[in-house]
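Engineer: Sequence:
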Amino acid sequence: MQRQALQPRGKNAQPAAENVRAILSILDEHYPEAQCTLVFRNPLELLVATILSAQCTDQRVNLVTPDLFSKYQNVKAFAEAETSELEEAIMSTGFYRNKAKNIIACCRKLVDEFDGQVPNNLDALVGLPGVGRKTANVILGNAFQIPGMVVDTHVARVSKRLGLTKEDKPEKIERDLMHSISASRWTLLSHQLIQHGRRICSARNPKCRVCPLLKHCDYARENPSN
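Count the sequence shown with the working numbering and you get residues 52 to 277, in order.
Simulated from the structure, these hints should not be mistaken for lab results.
Don't be surprised by glycine CBs; every beta carbon is placed ideally from N, CA and C.
One should not assume that every hint holds.
What follows is a list of derived Cβ distance ranges for each label pair [unchecked claim]:
(1) Ser135 <-> Arg92: 23 to 29 Å
(2) Arg260 <-> Lys122: 43 to 49 Å
(3) Phe165 <-> Ala67: 39 to 45 Å
(4) Ala67 <-> Glu139: 23 to 29 Å
Construct all of the structure, not just a fragment, from the sequences and the given hints.
Structural biologist: Shown next, in the form of C-alpha coordinates:
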(Lines of atoms letter the chains of each structure in order from A and count residues from 1; the text may use other names and numbers.)
(Lines give C-alpha, C1' and ligand atoms only; values in the text may rest on other atoms or scores of the structure.)
Protein backbone atom coordinates (compact mmCIF):
# COMPACT_ATOMS: atom_id res chain seq x y z
CA MET A 1 0.00 0.00 0.00
CA GLN A 2 1.40 3.39 -0.97
CA ARG A 3 2.10 5.70 1.91
CA GLN A 4 0.53 9.14 1.97
CA ALA A 5 3.13 11.89 1.68
CA LEU A 6 3.52 13.97 4.83
CA GLN A 7 3.80 17.73 4.71
CA PRO A 8 7.23 19.10 5.65
CA ARG A 9 7.67 21.35 8.64
CA GLY A 10 9.53 24.63 8.50
CA LYS A 11 13.27 24.38 9.08
CA ASN A 12 13.26 26.36 12.30
CA ALA A 13 10.03 24.91 13.72
CA GLN A 14 10.24 23.69 17.31
CA PRO A 15 8.46 20.46 18.30
CA ALA A 16 4.92 21.21 19.41
CA ALA A 17 4.07 20.03 22.92
CA GLU A 18 1.20 17.92 21.60
CA ASN A 19 3.54 16.25 19.10
CA VAL A 20 6.05 15.48 21.85
CA ARG A 21 3.28 13.98 23.99
CA ALA A 22 2.13 11.83 21.08
CA ILE A 23 5.67 10.57 20.45
CA LEU A 24 6.16 9.71 24.14
CA SER A 25 2.83 7.90 24.23
CA ILE A 26 3.72 5.76 21.22
CA LEU A 27 7.15 4.96 22.64
CA ASP A 28 5.50 3.92 25.92
CA GLU A 29 3.15 1.64 24.01
CA HIS A 30 5.88 -0.08 22.01
CA TYR A 31 8.80 0.01 24.47
CA PRO A 32 7.18 0.04 27.92
CA GLU A 33 10.02 -1.76 29.69
CA ALA A 34 13.02 -0.38 27.83
CA GLN A 35 16.11 -0.51 29.99
CA CYS A 36 19.89 -0.58 29.97
CA THR A 37 21.11 -3.69 28.17
CA LEU A 38 24.52 -3.71 29.87
CA VAL A 39 24.67 -6.27 32.67
CA PHE A 40 25.95 -4.87 35.97
CA ARG A 41 25.53 -5.28 39.73
CA ASN A 42 26.82 -1.96 41.05
CA PRO A 43 27.90 1.52 39.86
CA LEU A 44 31.53 0.49 39.34
CA GLU A 45 30.57 -2.38 37.06
CA LEU A 46 28.29 -0.11 35.04
CA LEU A 47 31.07 2.50 34.79
CA VAL A 48 33.54 -0.05 33.43
CA ALA A 49 30.97 -1.65 31.13
CA THR A 50 29.96 1.71 29.70
CA ILE A 51 33.58 2.65 28.98
CA LEU A 52 33.95 -0.71 27.20
CA SER A 53 30.77 -0.11 25.17
CA ALA A 54 32.32 2.75 23.17
CA GLN A 55 32.42 1.64 19.52
CA CYS A 56 31.23 -1.79 20.66
CA THR A 57 27.86 -3.51 21.07
CA ASP A 58 26.39 -4.09 24.51
CA GLN A 59 26.08 -7.78 23.62
CA ARG A 60 29.84 -8.05 23.10
CA VAL A 61 30.54 -6.18 26.34
CA ASN A 62 28.22 -8.55 28.21
CA LEU A 63 30.25 -11.49 26.94
CA VAL A 64 33.45 -9.96 28.31
CA THR A 65 32.36 -8.57 31.68
CA PRO A 66 31.52 -11.77 33.63
CA ASP A 67 35.14 -12.96 33.53
CA LEU A 68 36.42 -9.40 33.83
CA PHE A 69 34.42 -8.67 36.99
CA SER A 70 35.39 -12.04 38.42
CA LYS A 71 39.08 -11.18 38.01
CA TYR A 72 38.81 -7.52 39.06
CA GLN A 73 36.27 -7.51 41.87
CA ASN A 74 36.59 -3.94 43.15
CA VAL A 75 37.90 -0.51 42.30
CA LYS A 76 41.29 -1.19 43.91
CA ALA A 77 41.79 -4.25 41.73
CA PHE A 78 41.15 -2.22 38.58
CA ALA A 79 43.35 0.63 39.82
CA GLU A 80 46.25 -1.77 40.38
CA ALA A 81 45.69 -3.85 37.23
CA GLU A 82 48.60 -4.68 34.96
CA THR A 83 47.91 -2.82 31.74
CA SER A 84 48.82 -5.72 29.47
CA GLU A 85 46.58 -8.15 31.39
CA LEU A 86 43.62 -5.79 31.33
CA GLU A 87 44.15 -5.15 27.62
CA GLU A 88 44.07 -8.87 26.95
CA ALA A 89 40.87 -9.29 28.98
CA ILE A 90 38.99 -6.59 27.05
CA MET A 91 40.63 -6.97 23.64
CA SER A 92 37.48 -8.17 21.87
CA THR A 93 35.66 -4.91 22.67
CA GLY A 94 37.96 -2.96 20.36
CA PHE A 95 40.16 0.07 21.08
CA TYR A 96 41.35 -1.98 24.04
CA ARG A 97 44.58 -0.09 24.70
CA ASN A 98 42.82 3.23 25.18
CA LYS A 99 39.99 1.62 27.15
CA ALA A 100 42.41 -0.17 29.49
CA LYS A 101 44.33 3.06 30.07
CA ASN A 102 41.11 4.94 30.87
CA ILE A 103 39.73 2.25 33.17
CA ILE A 104 42.94 2.10 35.22
CA ALA A 105 43.28 5.90 35.39
CA CYS A 106 39.60 6.30 36.22
CA CYS A 107 39.75 3.78 39.06
CA ARG A 108 42.95 5.30 40.43
CA LYS A 109 41.17 8.64 40.61
CA LEU A 110 38.20 7.01 42.35
CA VAL A 111 40.56 5.55 44.95
CA ASP A 112 42.54 8.77 45.42
CA GLU A 113 39.73 11.32 45.37
CA PHE A 114 36.40 9.58 46.00
CA ASP A 115 37.21 6.98 48.65
CA GLY A 116 36.84 4.27 46.04
CA GLN A 117 33.22 5.16 45.30
CA VAL A 118 31.67 6.13 41.97
CA PRO A 119 30.30 9.68 42.41
CA ASN A 120 26.63 10.36 41.77
CA ASN A 121 26.84 13.80 40.20
CA LEU A 122 27.50 14.83 36.63
CA ASP A 123 30.39 17.22 37.22
CA ALA A 124 32.40 14.68 39.18
CA LEU A 125 31.69 11.89 36.71
CA VAL A 126 32.79 13.84 33.62
CA GLY A 127 36.02 14.67 35.45
CA LEU A 128 36.98 10.99 35.42
CA PRO A 129 39.28 9.69 32.65
CA GLY A 130 37.32 8.13 29.80
CA VAL A 131 33.97 9.50 31.01
CA GLY A 132 31.98 11.97 28.90
CA ARG A 133 28.44 13.22 29.31
CA LYS A 134 26.93 10.15 27.64
CA THR A 135 28.69 7.73 30.02
CA ALA A 136 27.93 9.97 33.00
CA ASN A 137 24.23 10.08 32.19
CA VAL A 138 24.12 6.30 31.74
CA ILE A 139 25.54 5.91 35.23
CA LEU A 140 23.31 8.55 36.83
CA GLY A 141 20.12 7.16 35.35
CA ASN A 142 20.78 3.45 35.74
CA ALA A 143 23.01 3.09 38.80
CA PHE A 144 21.66 5.96 40.90
CA GLN A 145 18.15 6.57 39.47
CA ILE A 146 19.04 10.22 38.90
CA PRO A 147 17.51 11.48 35.63
CA GLY A 148 20.04 11.52 32.82
CA MET A 149 19.46 12.15 29.10
CA VAL A 150 21.82 9.82 27.26
CA VAL A 151 22.67 10.88 23.71
CA ASP A 152 24.34 8.09 21.77
CA THR A 153 24.25 7.61 17.99
CA HIS A 154 20.76 6.05 18.10
CA VAL A 155 19.28 8.81 20.27
CA ALA A 156 20.90 11.50 18.12
CA ARG A 157 19.60 9.98 14.88
CA VAL A 158 16.06 9.16 16.03
CA SER A 159 15.46 12.42 17.92
CA LYS A 160 16.58 14.43 14.90
CA ARG A 161 14.41 12.44 12.50
CA LEU A 162 11.44 12.95 14.79
CA GLY A 163 12.01 16.70 14.89
CA LEU A 164 12.79 16.75 18.59
CA THR A 165 16.01 18.57 17.75
CA LYS A 166 17.67 20.18 14.75
CA GLU A 167 21.14 19.95 16.25
CA ASP A 168 24.01 17.63 15.33
CA LYS A 169 26.28 17.92 18.38
CA PRO A 170 25.40 15.56 21.27
CA GLU A 171 25.47 18.26 23.96
CA LYS A 172 23.08 20.46 22.00
CA ILE A 173 20.78 17.50 21.31
CA GLU A 174 20.84 16.69 25.01
CA ARG A 175 19.93 20.30 25.82
CA ASP A 176 16.98 20.29 23.39
CA LEU A 177 15.59 17.02 24.74
CA MET A 178 15.97 18.17 28.33
CA HIS A 179 14.18 21.40 27.47
CA SER A 180 11.13 19.81 25.85
CA ILE A 181 10.76 16.67 27.97
CA SER A 182 10.22 16.27 31.71
CA ALA A 183 13.25 15.12 33.71
CA SER A 184 11.27 12.16 35.02
CA ARG A 185 11.26 10.78 31.46
CA TRP A 186 14.92 11.27 30.52
CA THR A 187 16.32 7.87 31.47
CA LEU A 188 13.42 5.85 30.08
CA LEU A 189 13.26 7.95 26.92
CA SER A 190 16.96 7.35 26.29
CA HIS A 191 16.39 3.59 26.36
CA GLN A 192 13.25 3.82 24.24
CA LEU A 193 14.97 5.84 21.52
CA ILE A 194 17.93 3.45 21.57
CA GLN A 195 15.65 0.44 21.15
CA HIS A 196 13.69 2.13 18.38
CA GLY A 197 16.93 3.01 16.62
CA ARG A 198 18.14 -0.57 16.84
CA ARG A 199 14.88 -2.23 15.78
CA ILE A 200 13.33 0.13 13.24
CA CYS A 201 14.99 3.51 12.74
CA SER A 202 18.40 2.27 11.60
CA ALA A 203 20.99 4.59 10.10
CA ARG A 204 20.67 2.92 6.72
CA ASN A 205 17.41 1.62 5.29
CA PRO A 206 15.12 2.49 8.20
CA LYS A 207 11.87 0.48 8.29
CA CYS A 208 9.64 3.50 7.79
CA ARG A 209 6.68 1.52 6.44
CA VAL A 210 6.23 -0.34 9.71
CA CYS A 211 7.25 2.50 12.04
CA PRO A 212 4.61 3.43 14.63
CA LEU A 213 6.04 6.96 14.71
CA LEU A 214 5.67 7.49 10.98
CA LYS A 215 3.22 10.40 11.05
CA HIS A 216 5.37 12.26 13.57
CA CYS A 217 8.62 11.85 11.64
CA ASP A 218 10.37 14.68 9.80
CA TYR A 219 12.62 12.18 8.05
CA ALA A 220 9.56 10.44 6.59
CA ARG A 221 8.20 13.78 5.37
CA GLU A 222 11.45 14.45 3.55
CA ASN A 223 11.81 10.89 2.20
CA PRO A 224 8.29 9.81 1.22
CA SER A 225 9.51 6.98 -1.01
CA ASN A 226 11.34 5.16 1.83
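Engineer: Hints first: check each against the structure and report whether it holds.
Structural biologist: Hints, verified against the model:
A beta carbon spacing of about 26 Å between Ser135 and Arg92 agrees with the range 23 to 29 Å that was offered as a hint. The supplied range of 43 to 49 Å is met by Arg260 and Lys122, whose beta-carbon atoms lie about 47 Å from each other. For the hinted restraint 39 to 45 Å between Phe165 and Ala67, the CB-CB distance of approximately 43 Å keeps it satisfied. The beta-carbon spacing between Ala67 and Glu139, approximately 53 Å, falls outside the hinted interval of 23 to 29 Å.
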